[in-house]
Every structure is written in structure tokens, then in C-alpha cells.
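Turn these sequences into a full structure, and let the hints guide you.
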Amino acid sequence: MNPLNKIIFLSGFLASGFLLILLSCALYNNWKPIIVIFIFLVAPLPNIIANSIENNRDDFLTFGNDRGNNPTPLEDACKYITGTFVVSGIALPIMLHHTHLIQFGAMVLSITGGLVVYVDIILFIWFFEEDEDDTDELNF
Amino acid sequence: MEQQQHLFKFAPFIKLPKSAKLRSIGVYVAGALFAVGFWTLLDAAVYSRKVNASIVHVTFTDWIPFICSVIGMLIVNSIEKSNLFGNDNSFLNSTGTNTVWAARVILFFGFSLLAGGLSGSFMVFILKYLIKDYGFPTLGMGVANIVCNGCLMLSCIILWISQNIEDEYSYSLAL
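In order, the protein sequences belong to chains D and A. Per this note's numbering, residue 1 is the first one in the first sequence, and the count goes up by one each step. Per this note's numbering, residue 1001 is the first one in the second sequence, and the count goes up by one each step.
Please keep in mind that the hints were generated in silico from the structure rather than gathered at the bench. Any given hint could be a false lead.
[What the hints assert, rightly or not] Sample of chain D residues lacking proximity to chain A, with all beta carbon distances greater than 12 Å (derived):
1) Lys6
2) Ile8
3) Leu10
4) Ser16
5) Trp31
6) Asn55
7) Cys78
8) Met95
9) His100
[What the hints assert, rightly or not] Lysine to aspartate or glutamate pairs mimicking DMTMM-like chemistry, simulated, CA-CA at most 20 Å apart:
10) D/Lys32 x D/Glu129
11) A/Lys1021 x D/Glu129
12) A/Lys1021 x D/Glu54
[To be verified] Not everything, but these chain A residues come out facing chain D in the computed CB check (under 7 Å):
13) Gly1031
14) Phe1034
15) Asp1043
16) Tyr1047
17) Ile1055
18) Val1100
19) Arg1104
20) Phe1111
21) Ala1115
22) Gly1116
23) Phe1122
By construction, the Cβ of each residue, glycine as well, lies at the ideal position given by its N, Cα and C atoms.
Okay, here's the thing in C-alpha cells:
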């Protein structure tokens, strides 16, 4: 699978995710679920930031960034924040539906769309990280 | 070095599984649980403002246990745990005993705040909702408080456990 196909496939996938979220807002004429897009767009950022910081850091004494596979506290904290963001993106529409602020259909559409957007970003990172080096680290 | 790895006497029997992936999953699950707790309480607050028909509303009182739990959780998980066992790396820091005592006292405050948050949520539930014989939609706001603080405590426990999971290759490069 060459990179061009991957990019086309992923962009179509991403567009369908955005479409679902926008539909959930526009069909019911209630633009509250639009926040889900921002939550899921921010969700992968902590891991990306942590990875770039940790890969550029030289350790005292070892002069390498090989810590024997043991994650640093920064990486742990970023994973924690990622988990928080993902569940927030799912919990926000549920809360809005439970408090009668949006319809049931809008809840389902925005959760599905948000998960599609998130999975798309993860797939994007995963596809193009695979080429560089074989890291089988579990980064969502 | 090997001796000080064990926390309990019966360490071989309760050996934690060693895997970097399991550790990652544990940290993610802990973060997810924190979000579940936070959104449960926020849901109760919005519900009370928007839908609630009764005269009882979620006020700042209901948020105090949550704030206690969050502060406790921050403290507990910010402590460097190697400080607790003392004398381990005393050749690196000259003020060994002071650090150990400070770590123990601060950790004690952290756990007290966590436990205080959970029992405070029970107290709010009983004093504000249960004792006045409210029906269920109103009672649900108190239950949400307990669920929230329970989730925070569980999140803290899972984070603590998964931070103690060592990778099996982590000693391969030890001097």
C-alpha cells in the first residue's frame, strides 16, 4: 500500500467523521455537539508531545534515549491525559442527551463521528510511524 | 538491589505481571476512570440546573469531596516512590532521612484527602439527600457524587498499581 493510497483513504475516512458530527448538529439544529470535534482533535496531542520530548532528550551519563523500555513519568502522565480526553469525548454527548439538551440521534451520530475522527488520527500516526522504525509501543 | 524490590514478605505470591503494554493499558484505564468520575458529577450538576423539578440543587457543597479527591490524587501520584523505602539511593542524595520523612508525611496527607473525599461524598449523600426522604431523580444526584469519588479512588489505585509494574527488560541495562 503506497503512501498516496493511505493518505486518500485516511482523508476520506476523516471527512466522513466530520460529516457525522456536523450532521448530528445540523439535523437537529442544535450546535452543542460540535465540541466533540475539538475534544477528539486534542486527544492525540499529549502522546505526540511526550514522544517528541522524550526522543530529543539526552540522558545524563548514558547519552542516549534508551531507558530500557521503562516509560518516564511524563509519558505516563500524557497517557493518562489521553485516556481522560477520549472518555470525555464519549461522555460529553451522553451527558448532553441525559440532560435533554440534545436528541438521542444527535448523541449517537456525534459519538460515532468523534470515534471515527480519533481512530483516523491514530491510524495516520501508526501508518507512517511503521516505516521509520519498528516500535511496538502501545500508543493510542 | 534485588532485596529492596519487594514490598511485602510474600512478594513471590503476589507477583505483579511484568509488561510494558499492561502498564500502558493500566495508565489509560486510570485516565478513563477519572473522566468517568468527572463527567458523572458534571452530569448531575447540569441535570440539576436544566431538568430538575425539585427544589434541591447541586451546589458547591457537592463539589467539595471531588476537589479533595483530586488534590489527594495529585499528591499521591506525584510522590517519587523510591523515597519511601529510604536508604536505597542515599549515596546520591545526602539528605536521605529528611526526604523519606517528608515523603511519608505528604503521602499520608494525600491518602487522607482521597479517603476524605470518598467519605465526604457519602456524607453529602446521607445528609443532603437520604435523610430527607427524596425520591429517585433527586436521589440520583447524591448517588452520582458517590460514583464520582469511587471512580477517582479506583483510578488512583489502578494508576498506583500500574506504575509499580516493571518491564521485564528494564534491568537488562542496569549497572
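Results for each hint:
1. Lys6: Its Cβ never comes within 12 Å of chain A, the nearest being 25 Å, so this holds.
2. Ile8: 30 Å, holds
3. Leu10: Given a closest Cβ separation of 23 Å, the condition holds.
4. Ser16: Non-interface label stands for D/Ser16: nearest chain A Cβ at 25 Å, farther than 12 Å.
5. Trp31: 17 Å, holds
6. Asn55: Check passes; 17 Å lies beyond 12 Å.
7. Cys78: 9 Å, violated
8. Met95: At roughly 4 Å from the nearest Cβ of chain A, D/Met95 sits no farther out than 12 Å, so the non-interface label is violated.
9. His100: The assertion about D/His100 is violated, with a minimum of 6 Å to chain A.
10. D/Lys32 x D/Glu129: 35 Å, violated
11. A/Lys1021 x D/Glu129: 18 Å, holds
12. A/Lys1021 x D/Glu54: 18 Å, holds
13. Gly1031: 3 Å, holds
14. Phe1034: 5 Å, holds
15. Asp1043: 4 Å, holds
16. Tyr1047: 5 Å, holds
17. Ile1055: 18 Å, violated
18. Val1100: Because about 20 Å separates A/Val1100 from the closest Cβ in chain D, which is outside the 7 Å limit, the hint is violated.
19. Arg1104: 20 Å, violated
20. Phe1111: 19 Å, violated
21. Ala1115: 21 Å, violated
22. Gly1116: Given a least distance of 22 Å, the restraint on A/Gly1116 is violated.
23. Phe1122: Violated. Min distance 23 Å.
Of the numbered hints given earlier, the model fails hints 7, 8, 9, 10, 17, 18, 19, 20, 21, 22, 23; all others are met.
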